[in-house]
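Trainee: So you can see what is in the structure, the chains are spelled out below.
Protein chains: 4
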Amino acid sequence: MAGNSIGQHFRVTTFGESHGLALGCIVDGCPPGLELTEADLQGDLDRRRPGTSRYTTQRREPDEVKILSGVFEGKTTGTSIGLLIENTDQRSKDYSDIKDKFRPGHADYTYHQKYGIRDYRGGGRSSARETAMRVAAGAVAKKYLRQEFGIEIRAYLAQMGDISIEKVDWAEIENNAFFCPDVDKVEQFDALIRDLKKQGDSIGAKIQVVATQVPVGLGEPVFDRLDADIAHALMSINAVKGVEIGDGFAVVQQKGSQHRDTLSPDGFGSNHAGGVLGGISTGQDIVANIALKPTSSITVPGDTITKAGEKTQLITKGRHDPCVGIRAVPIAEAMLAIVLMDHLLRHRGQNQNVTTETPKI
Amino acid sequence: MAGNSIGQHFRVTTFGESHGLALGCIVDGCPPGLELTEADLQGDLDRRRPGTSRYTTQRREPDEVKILSGVFEGKTTGTSIGLLIENTDQRSKDYSDIKDKFRPGHADYTYHQKYGIRDYRGGGRSSARETAMRVAAGAVAKKYLRQEFGIEIRAYLAQMGDISIEKVDWAEIENNAFFCPDVDKVEQFDALIRDLKKQGDSIGAKIQVVATQVPVGLGEPVFDRLDADIAHALMSINAVKGVEIGDGFAVVQQKGSQHRDTLSPDGFGSNHAGGVLGGISTGQDIVANIALKPTSSITVPGDTITKAGEKTQLITKGRHDPCVGIRAVPIAEAMLAIVLMDHLLRHRGQNQNVTTETPKI
Amino acid sequence: MAGNSIGQHFRVTTFGESHGLALGCIVDGCPPGLELTEADLQGDLDRRRPGTSRYTTQRREPDEVKILSGVFEGKTTGTSIGLLIENTDQRSKDYSDIKDKFRPGHADYTYHQKYGIRDYRGGGRSSARETAMRVAAGAVAKKYLRQEFGIEIRAYLAQMGDISIEKVDWAEIENNAFFCPDVDKVEQFDALIRDLKKQGDSIGAKIQVVATQVPVGLGEPVFDRLDADIAHALMSINAVKGVEIGDGFAVVQQKGSQHRDTLSPDGFGSNHAGGVLGGISTGQDIVANIALKPTSSITVPGDTITKAGEKTQLITKGRHDPCVGIRAVPIAEAMLAIVLMDHLLRHRGQNQNVTTETPKI
Amino acid sequence: MAGNSIGQHFRVTTFGESHGLALGCIVDGCPPGLELTEADLQGDLDRRRPGTSRYTTQRREPDEVKILSGVFEGKTTGTSIGLLIENTDQRSKDYSDIKDKFRPGHADYTYHQKYGIRDYRGGGRSSARETAMRVAAGAVAKKYLRQEFGIEIRAYLAQMGDISIEKVDWAEIENNAFFCPDVDKVEQFDALIRDLKKQGDSIGAKIQVVATQVPVGLGEPVFDRLDADIAHALMSINAVKGVEIGDGFAVVQQKGSQHRDTLSPDGFGSNHAGGVLGGISTGQDIVANIALKPTSSITVPGDTITKAGEKTQLITKGRHDPCVGIRAVPIAEAMLAIVLMDHLLRHRGQNQNVTTETPKI
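Chains as they are written, first to last, in the numbering used here: chain F, 107 to 467; chain H, 107 to 467; chain E, 107 to 467; chain S, 107 to 467.
Any given hint might turn out to be false.
Remember, identical chains collapse to one label, so a pair may be satisfied in a single copy or spanning two.
Dumping the calculated BS3-like pairs for lysine-lysine here, alpha-carbon to alpha-carbon at most 27 Å [what the hints assert, rightly or not]: (1) LYS273 with LYS361; (2) LYS413 with LYS304; (3) LYS181 with LYS273; (4) LYS181 with LYS303; (5) LYS423 with LYS172; (6) LYS172 with LYS205; (7) LYS303 with LYS249; (8) LYS423 with LYS413; (9) LYS361 with LYS205; (10) LYS303 with LYS413; (11) LYS172 with LYS417; (12) LYS413 with LYS273; (13) LYS304 with LYS423; (14) LYS303 with LYS172; (15) LYS304 with LYS361.
Since the hints were made in silico from the structure, they are not lab data.
The model shown is predicted, which means the values in this text are computed figures rather than measured ones.
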């Protein structure tokens, strides 16, 4: 059943398998008049791309995106924008090992059960390769949000295994292969990854994504709340198992007198809420965390069954990240951008103006 | 903008303010032939209702639901089901204190900024009273899921403040006012609540919700994943700040060899995934956690501003739960039921059959 | 499956059967700040109501609407508006005759086949009584469109049987029971209806609905065109079998040089297009026609079958309009209002301004 | 705002301009296991293609479609199907004449007003070239409907100018360039077109589209009725100004005793309803008519204005059909197929079985 679209007013629909001919998407609802070229999208695609460092998978795809429609003389026309990335690295690999076995921890089993048929080449549609189009679509939203409202959306690696960052220096994030904002932790992350490679194992990660300069008033109670839609968008990223807004699970141990963000004529006194109250943006930074599971594509042998239901074992060979969470940084940014864009268009439809001058922390 | 609906195939749309004439909802898409009476809904409404114990708010509403349409001679007809609960406890209270002030930690400020107008009586639309209709609609879904597929959906209080349960005895949950499955913790919860009442403060909570006997194959990649839709539905509950599927944030510290659920001819070897792989149900239990913030309706004075932007202070008097999380138990069940129902109808539309005979842990 | 909603941004969802407890609807997405009372809705409800004249069915329902939510201190708050009409005329009628027979030309057979169960009392959900809620919801849209943009939406009876009007005097429409804008035809319509009553038969009708002062630019290519959405909304009215925009079926015989509406600095030279080009409003009047079939509720006996598949005959007794088309006048206005409202909010979300100063005929 | 999708359960989203790099679409929700190759789509694309005869525009495009995803080893996998047609005939034409003028009867003026920017090359997004992707997507639906349920969807030219067909011989339709089912009229159509070419003018057309073997029970009251969704889909085709179901506008002059389709144990006695009662399919043939306006792309000069608002005149040179209605035959089939497919999936989701054994005429 149709499930490959996100957003109602700014709607992104994607297609494409890991080892098919191409990946593509349609960005529907982008307002007219936005200057847009392939270069605007390529930057984030390159940040997401595998093979950019020794810490991520060595698959080499240029991931070169083409804009096929919706842009005329360098500007969006308000019509649907078609984007395409051809798969160039379809090396004729031997998939006989996973063709009839279900890799544990992967979507092999569920796709097989749901559809009765499964494109087993590299995970097919369930591969994280699909997220390339999210990043391309998100880059359209990011550009519009930045240009029209000064909204910036950035993410970073907050934790990998039991190593957590201790400070956030935004200027550092693009200086290392981990999107790590704490220069003092880079070496530890590096050591952890090298160690995992040796073990043939993988590790989970926590990413924080932040949007600044967000107008107050975005979000539609009671079901289409801004935070609910963010949770949906972030949980739809491959490998994500948890989403927090603001203080997240820490609130369980907080008292009301601690948690609530007081207000003064100068703005909010804190941002425990993560920029959303009652499902509507407060004008403060939107802050969300996501937890990404360790990839199951590891060389440690795992018990599983064949399509015929027989006991077997499996080793996932090939080019795989020991920490898929790292590459989720640009993906998380893209998903948050898509949600904010969607809500911004919804809100503007009703109210005619978008207020940004509000008390903030 | 329209935001009061959830679900595409089983769609619930609600209306109603805390102190308006009535709350109501329309349940659209319930299959025909389901036996349904008010009594089927009243049980969960009573579980959610305030005033049932000394631990929850003392507002006394019978919360008596009426079925206005969609049922004929005791069975659903396939047409839209109208549900109504009249507000009987609209005691003429003095709201002058909050009329022109924004309660910190509440949606007062964001509603005011978004809409320019605000029904300040008891929080209006942003009040948790709205969730009564979710529970009523969810009860329709619960009955269908149970009857047609044997699916059971149950939740419990897993943690309050720093007190966590240590065992889950499903039979205990309805025996205490906390929906606590660990009889040994009831007294501690009781003591904590009494202490908070004295302080005029409140506390957060963690709820776990579990669905059993879920068919394999529910969920539509890539955006309408089952886990993404669950995250959306649970995060849309008032006060929720975090959602986990399966191991949730614990995955950050897990290795792939630990996390992945192996398969054998007898089923899965574990359920770290929480019953969802690649956005599709595995046939195992669906397991989700939510974090609920401590209510901001406390008598500890809080700094805030008036509508005119002037500095002031506020005490929230009246009938309020020290732990709103407790009452979220039936609400979380209802939301999970609505999502599963929606996906079950979607899945069946495509595949004609719903498989339940699958290897499970 | 969920099918009782219309509109995405201004969304109306209805419930209720002909002889159930009540009819209701939720109007979701109405902007805040609109002054709204029951009186704003009652006028159109009274125009639609049966029993207002001897030409329409003698069922007597006050059709008194209550606003249950979404309005505070006389103004809309931006939250969902709950509307309710209680069914007071549920006279305990004998339905044994139609309980097990399918009335030819009615939805009895299709509802039975689709759902396997059918509320046979007065047609249940398939009764035109359902349209009362459309009229109530449409009245909200009409008020907003009029107040914010000066848009007026009016309909009239253009033809009944082979009697067509020959002139349109808007001032006459509310002066007669036929919504007839040609005072010279009223007597002929009257005679026709009296004749049909004697025969126990019924007749079809054509209604024209017109919106004036419509801003240019409403409508979203390529599928959500304004004219396509109007066609959807009007065809969803009970008994409608045809929809035309502008010249409609007359275009089949027109040449391009005749049909195209030329432009000059003073505006369009004609309005063959009916106010829509390429799916987008031109700023001219929106003009649409609908064809309504003669009701099948007649006393002329008709061949049919029983639920068991046996041959039988049926006479539909009771209170029925010989021309259901007449009462479609306020319904058509309501549906056009809902569509325009929806598109206006969509358009505004994207473009931030709504242009009304455009060349018009 | 997002408007380039149709369908909820079988959802088609398109992109592409007349003279852009490519046209494309995503077919989302096709059930798995359907054998599908490009050849299945190419047949209908060739029927729609311009340049196939001297009666239609001489633009020469191979319209070769590529399947980029969603099919594996010759079968659909249940994931989204990406389709692409590259534009090969982008001859560097001189558009200076229409760049700053609004062609009367075209969407130039409305696109300009709505978006403030316009791809003027060949009409850009408003060009009928966009319908190629509808035909490709519709071919997927047609194949599924035929294979799974034996549903056939066919259309023909029923009228052009004042020449109407007098008989329907389905075998003749593909034997002539007009999709004319009445061999005796072909010469008259031919003469009319030749005459119009000489005059530099164009003519309207009426198309009838019929679906046979349709299961009973498709359609969701009250707004998502089958006939309402058909009206939406058909009115969304370029140049369509009217839609009829069954007897359509003829019902205005019919009596109830004439119009209603009686039932007997052998089936319906007639099909005035066109296969839909109460918004639900009866199991009879679905019959719909559409009226297509004469194209405004003619060489008869027309008054218009420039972007600056100054009076001017325009002649539309180039390769244009004197009757765009002819090519609407495969497009109408495609749109009806998409709607039926969508409703079939919806219906099946709720009821688990699809009944086809019903009394029919």
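Trainee: Are any of the numbered hints broken by this structure? If so, which, sorted upward?
Mentor: 2, 3, 4, 5, 7, 10, 11, 12 and 14
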